[in-house]
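Can you build the whole structure from these sequences, using the hints too?
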Amino acid sequence: MRGDSTGELGLSGTRSELLALGRELRSVHWEIPLEKVSDPFPYSRLLSLITFRRASGKVMISSSGDRESLDVQGGPESLSLLADNIEGFASEADVDDHLHVDCCGDHDYLAEGSGSVVVAIG
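Residue numbers (the working numbering): 1200 to 1321.
Simulated restraints, written as ranges between beta carbons of each label pair:
id: 1; residue 1: S1261; residue 2: V1227; range: 15 to 21 Å
id: 2; residue 1: S1261; residue 2: R1214; range: 24 to 30 Å
id: 3; residue 1: L1233; residue 2: G1206; range: 16 to 22 Å
id: 4; residue 1: D1301; residue 2: T1213; range: 22 to 28 Å
In short, the hints are calculated from the structure, not lab data.
These figures come from a predicted structure and were not determined experimentally.
The beta-carbon is built from N, C-alpha and C at its ideal position, and this holds for glycine as well.
Right under this line is the structure:
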């Protein structure tokens, strides 16, 4: 999901889906279609695809408007740290909790200019 006015991205899934996402973050390259939901509120629109690509350096998260995709790329160590955070959240969070993945200052695994994502169990 994407908020057009804020640029914020939302990603929600069941605990098992978020755990699977964490595992996939450690793979080389893949893309997967996202399930459509009837109402993206509080976001403006739905994204239809998530893509992961290995590159060098810290993780860069962006949203491609033409393809309506969430794009994630970065080096193996940075992607693994992101995966650890998502898996930890999926394993331990309450259903009304959420995880903010956003860059501020010298972040451990996110590149400066990376988009913000709110991860939720839903």
